[in-house]
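Protein chains: 2
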Amino acid sequence: MTIPPLSPADTTLTTQLRAQLPQAAFRADPAPYNREPRGVWKGHAELVLAPGSTTEVATILAAANAARVPVIPYGGGTSLCGGQIMPDGPTPLVLTLERMNRIRSIDTVGNVATVEAGVVIEDLQNAALDADRLFPLSFGAQGSARVGGVLGTNAGGANVLRYGNARELCLGVEAVLADGRVMNTLTGLRKDNTGYDLRNLMIGSEGTLGVITAATFKLFPRPRSRSVALMVTGSPAQALDLLALARGHAGDGISAFELISGVGLDFLAETMPDTRRLFDPAPDWMVLVDLGLFSDAETVMETIFAEGFEAGLVSDGLISQNEAQAVDFWRLREAIPEANRLVGSISSHDISVPIRALPAFIDEGRAQIAALGPYRLNCFGHLGDGNLHYNVFPPKGHDRADYAGQKLRIMKVIHDLVVAYGGSISAEHGIGRLKAPDLARYGDPVKLEMMRGIKALFDPNGILNPGAVLT
Amino acid sequence: MTIPPLSPADTTLTTQLRAQLPQAAFRADPAPYNREPRGVWKGHAELVLAPGSTTEVATILAAANAARVPVIPYGGGTSLCGGQIMPDGPTPLVLTLERMNRIRSIDTVGNVATVEAGVVIEDLQNAALDADRLFPLSFGAQGSARVGGVLGTNAGGANVLRYGNARELCLGVEAVLADGRVMNTLTGLRKDNTGYDLRNLMIGSEGTLGVITAATFKLFPRPRSRSVALMVTGSPAQALDLLALARGHAGDGISAFELISGVGLDFLAETMPDTRRLFDPAPDWMVLVDLGLFSDAETVMETIFAEGFEAGLVSDGLISQNEAQAVDFWRLREAIPEANRLVGSISSHDISVPIRALPAFIDEGRAQIAALGPYRLNCFGHLGDGNLHYNVFPPKGHDRADYAGQKLRIMKVIHDLVVAYGGSISAEHGIGRLKAPDLARYGDPVKLEMMRGIKALFDPNGILNPGAVLT
Numbered sequence: 013m014t015i016p017p018l019s020p021a022d023t024t025l026t027t028q029l030r031a032q033l034p035q036a037a038f039r040a041d042p043a044p045y046n047r048e049p050r051g052v053w054k055g056h057a058e059l060v061l062a063p064g065s066t067t068e069v070a071t072i073l074a075a076a077n078a079a080r081v082p083v084i085p086y087g088g089g090t091s092l093c094g095g096q097i098m099p100d101g102p103t104p105l106v107l108t109l110e111r112m113n114r115i116r117s118i119d120t121v122g123n124v125a126t127v128e129a130g131v132v133i134e135d136l137q138n139a140a141l142d143a144d145r146l147f148p149l150s151f152g153a154q155g156s157a158r159v160g161g162v163l164g165t166n167a168g169g170a171n172v173l174r175y176g177n178a179r180e181l182c183l184g185v186e187a188v189l190a191d192g193r194v195m196n197t198l199t200g201l202r203k204d205n206t207g208y209d210l211r212n213l214m215i216g217s218e219g220t221l222g223v224i225t226a227a228t229f230k231l232f233p234r235p236r237s238r239s240v241a242l243m244v245t246g247s248p249a250q251a252l253d254l255l256a257l258a259r260g261h262a263g264d265g266i267s268a269f270e271l272i273s274g275v276g277l278d279f280l281a282e283t284m285p286d287t288r289r290l291f292d293p294a295p296d297w298m299v300l301v302d303l304g305l306f307s308d309a310e311t312v313m314e315t316i317f318a319e320g321f322e323a324g325l326v327s328d329g330l331i332s333q334n335e336a337q338a339v340d341f342w343r344l345r346e347a348i349p350e351a352n353r354l355v356g357s358i359s360s361h362d363i364s365v366p367i368r369a370l371p372a373f374i375d376e377g378r379a380q381i382a383a384l385g386p387y388r389l390n391c392f393g394h395l396g397d398g399n400l401h402y403n404v405f406p407p408k409g410h411d412r413a414d415y416a417g418q419k420l421r422i423m424k425v426i427h428d429l430v431v432a433y434g435g436s437i438s439a440e441h442g443i444g445r446l447k448a449p450d451l452a453r454y455g456d457p458v459k460l461e462m463m464r465g466i467k468a469l470f471d472p473n474g475i476l477n478p479g480a481v482l483t
Numbered sequence: 013m014t015i016p017p018l019s020p021a022d023t024t025l026t027t028q029l030r031a032q033l034p035q036a037a038f039r040a041d042p043a044p045y046n047r048e049p050r051g052v053w054k055g056h057a058e059l060v061l062a063p064g065s066t067t068e069v070a071t072i073l074a075a076a077n078a079a080r081v082p083v084i085p086y087g088g089g090t091s092l093c094g095g096q097i098m099p100d101g102p103t104p105l106v107l108t109l110e111r112m113n114r115i116r117s118i119d120t121v122g123n124v125a126t127v128e129a130g131v132v133i134e135d136l137q138n139a140a141l142d143a144d145r146l147f148p149l150s151f152g153a154q155g156s157a158r159v160g161g162v163l164g165t166n167a168g169g170a171n172v173l174r175y176g177n178a179r180e181l182c183l184g185v186e187a188v189l190a191d192g193r194v195m196n197t198l199t200g201l202r203k204d205n206t207g208y209d210l211r212n213l214m215i216g217s218e219g220t221l222g223v224i225t226a227a228t229f230k231l232f233p234r235p236r237s238r239s240v241a242l243m244v245t246g247s248p249a250q251a252l253d254l255l256a257l258a259r260g261h262a263g264d265g266i267s268a269f270e271l272i273s274g275v276g277l278d279f280l281a282e283t284m285p286d287t288r289r290l291f292d293p294a295p296d297w298m299v300l301v302d303l304g305l306f307s308d309a310e311t312v313m314e315t316i317f318a319e320g321f322e323a324g325l326v327s328d329g330l331i332s333q334n335e336a337q338a339v340d341f342w343r344l345r346e347a348i349p350e351a352n353r354l355v356g357s358i359s360s361h362d363i364s365v366p367i368r369a370l371p372a373f374i375d376e377g378r379a380q381i382a383a384l385g386p387y388r389l390n391c392f393g394h395l396g397d398g399n400l401h402y403n404v405f406p407p408k409g410h411d412r413a414d415y416a417g418q419k420l421r422i423m424k425v426i427h428d429l430v431v432a433y434g435g436s437i438s439a440e441h442g443i444g445r446l447k448a449p450d451l452a453r454y455g456d457p458v459k460l461e462m463m464r465g466i467k468a469l470f471d472p473n474g475i476l477n478p479g480a481v482l483t
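Chains as they are written, first to last, in the working numbering: chain A, 13 to 483; chain B, 13 to 483.
Hints should not be assumed to be uniformly reliable.
[Said to hold, decoys possible] Cut-off 16 Å, straight-line C-alpha distance, at most; resulting in silico cross-link-like pairs (EDC-like, lysine to aspartate or glutamate): (1) A:K408 <-> A:E282; (2) A:K459 <-> B:D278; (3) B:K459 <-> A:D191; (4) A:K408 <-> A:D278; (5) B:K54 <-> B:D100; (6) A:K419 <-> A:D375.
Calculated from the structure, these hints are not laboratory results.
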């Protein structure tokens, strides 16, 4: 795609917008919006706008489009793929939805939440809980991530196995197009077959086709009984057999089925030595199983454990006896990304492969990485979805900086392997800027052509998040 | 949208395709492809092609596109909205996928089925069952409807409440674009965030953006215990209260929650007098509840019934004691559309409204129809999704033909009311040709503009199913 030339967000635009928007829409300090969690990219935006309404978003986009100024739609700033930072080119305008953070309604008859794009995910979870409902989207950054970003990237997390990703939870969106037109498909209907699915075109487009300003989400009944267990298993293949066994007893009542590697447990011991060791020595592999049922979950979990043990799939384990223990087990799982950060990866990958192929992929990946050098590999995550976080670290005692030059080579080996297995180079984190070249390399060429056509149709001046998704 | 002038499927095109395709790809008799179930539209196609592979589909589309000949993608021919018939304009080519009816694989580890577009839905259900899995899409026409048509219209049915519609069940598609290019997004991955969601753009586009040739679908564990009940309830509002009560005991284990009206039962007695009357006199309202659980479903159903009775929501009922009774209760529900056909509706509507608003909508709709004349109204269906089949019939002893002139007026009253309630004029049947004018009238204008742009991008010559969806 040829992006037409863009102009910087200059004083002319600022002056124009000062006349059109209230003072509250202007953020004083651009610095926080020019940083991202991994410190890979640095932004250079000066003008950060925080509109208070859809109309104000439309005003901003119409002005930016007329002036051909790049716009970076901004949610919670938690992207690990650089979707929120434009590191070069004409100075962009950052459009943060943080002031549009109203939960408009929680409908407990229809089980629908209507929210503005700036609502923080954890706030929505809590509002649902207060109404005795479940909003199941759940992941590490949920305390910062906002609805708009989560829909923009089609975020996943631990409960996708049961409830689906952000896309599957969303019933409708309101979005402002590049030229300021407002597209309203903010229905809370469970069934609506009126025309092309432009809601799902907006979802996952990472702010390159429009800016989502509001959304409706499905809510669910809260399971009445919960049981969480950690089970030591011999291999990823055994873990998959255990998942099949668990499904036979709990069906779609399995809320999460997470793989934890011994390397991850080593990293925990290395970086957070005060963490209690639940198994000693640390097993090579274990799984976290989370059941949420309307019958007695603990009984079902005990059956799964006993049958898994008998079948030789489980050698040791712990079943939560109360909610505090359940939270404890999850804390262990959730501490692993933090331990990863403290160790410092050379290259991190958010990949998926067909579930059946996971064990072979893990074996072959380990061999290929070993052939590259004495790296440490922590591969863990959402086994039930075929989605692994597959991160490569320097040998113990070394620093990631010593291996920075190897990053692209490692990434290519892993992504080549993922594609050879029929997998995806971005399972739940999006493309952002990090993976835009790989999408161009590995993507279906006809799909890419049509994506470029759609981009040109929705954003002819190319002002929306330039450089993200499409290179 | 200005559709460029189209040409008829003439002997030049036929001669060209005879040289490119095997004899088996040519259907001898076009007559079955020019009829549709309600007899509203009549087609005039002469050339009916049944390709045996994606490559052959591509050959046909490339030729038709070059010759600017309209193409009607054809599934099972069961559309009630005329999506499968082009009644006027240049003679179209019918492209039936019926020979591409292979189930390529049933993966019981990943729980994914990979199928060609011509697979009949019931065949896929049975193949899943043989592998001890569930393919949950289920509706009256499942014995004829094919995968391509079901995805083209985003079909729904009775189990959407629990498992979602065709869109939510589909993981990936392969599609041939108007000019013969093949777009391959046929992944069976549970998580894949690589670029814009063109799969969902194809799904629900009713063959106007491309021809789906293959798809991957989610499969589910089969619930181990099932219980079906009919419960007599006082009103739609009470039925919703009962649904909430049932959710508290069975959560997302409720596979279906269907509303049945006394008028539907009267129609059954009138047209199929041999049908056993389960309740006498016929109640004004009842619901069919289908539980599929991994604990004992019958016990849970009894609890729901007992608490519903105690709360005054249920006055009478029957709980299935075995699978044969469960099938029997469903047969009653499924006989109602057949009874409707025998009585003969003046106008039928497939609508949805926000679930919370259903009781008020039903009351107001009844009053508005009564104001139009002494019509009989049978309103029934997927209460848990807010989706009603809302059909208007002549007074007893009269024929629909006497009221044919009232059809558009009735439809307008109902659709106006649906839109006033924030509902949808097409919940699960699609737009086809029947509702294309209403989509243009009621749809979000910005969405419609973008739809026209997408149509022009994917099908610049306008050959794909002209007149469907977009007028």
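The hints, checked one at a time:
Pair hint K408 of chain A plus E282 of chain A holds up; C-alpha atoms about 10 Å apart against a cutoff of 16 Å. A hinted pair counts as satisfied when its Cα atoms are at most 16 Å apart, and K459 of chain A with D278 of chain B does not qualify at roughly 52 Å. Our distance criterion of 16 Å between C-alpha atoms is met by K459 of chain B and D191 of chain A, whose separation comes to about 14 Å. With a C-alpha separation of about 11 Å, the suggested pairing of K408 of chain A with D278 of chain A holds against the 16 Å cut-off.
Between the alpha carbons of K54 of chain B and D100 of chain B the distance comes to roughly 9 Å, so the proposed pair stays at or under 16 Å and holds. With a C-alpha separation of about 21 Å, the suggested pairing of K419 of chain A with D375 of chain A is violated against the 16 Å cut-off.
The structure fails hints 2, 6 (numbered hints given earlier, in ascending order).
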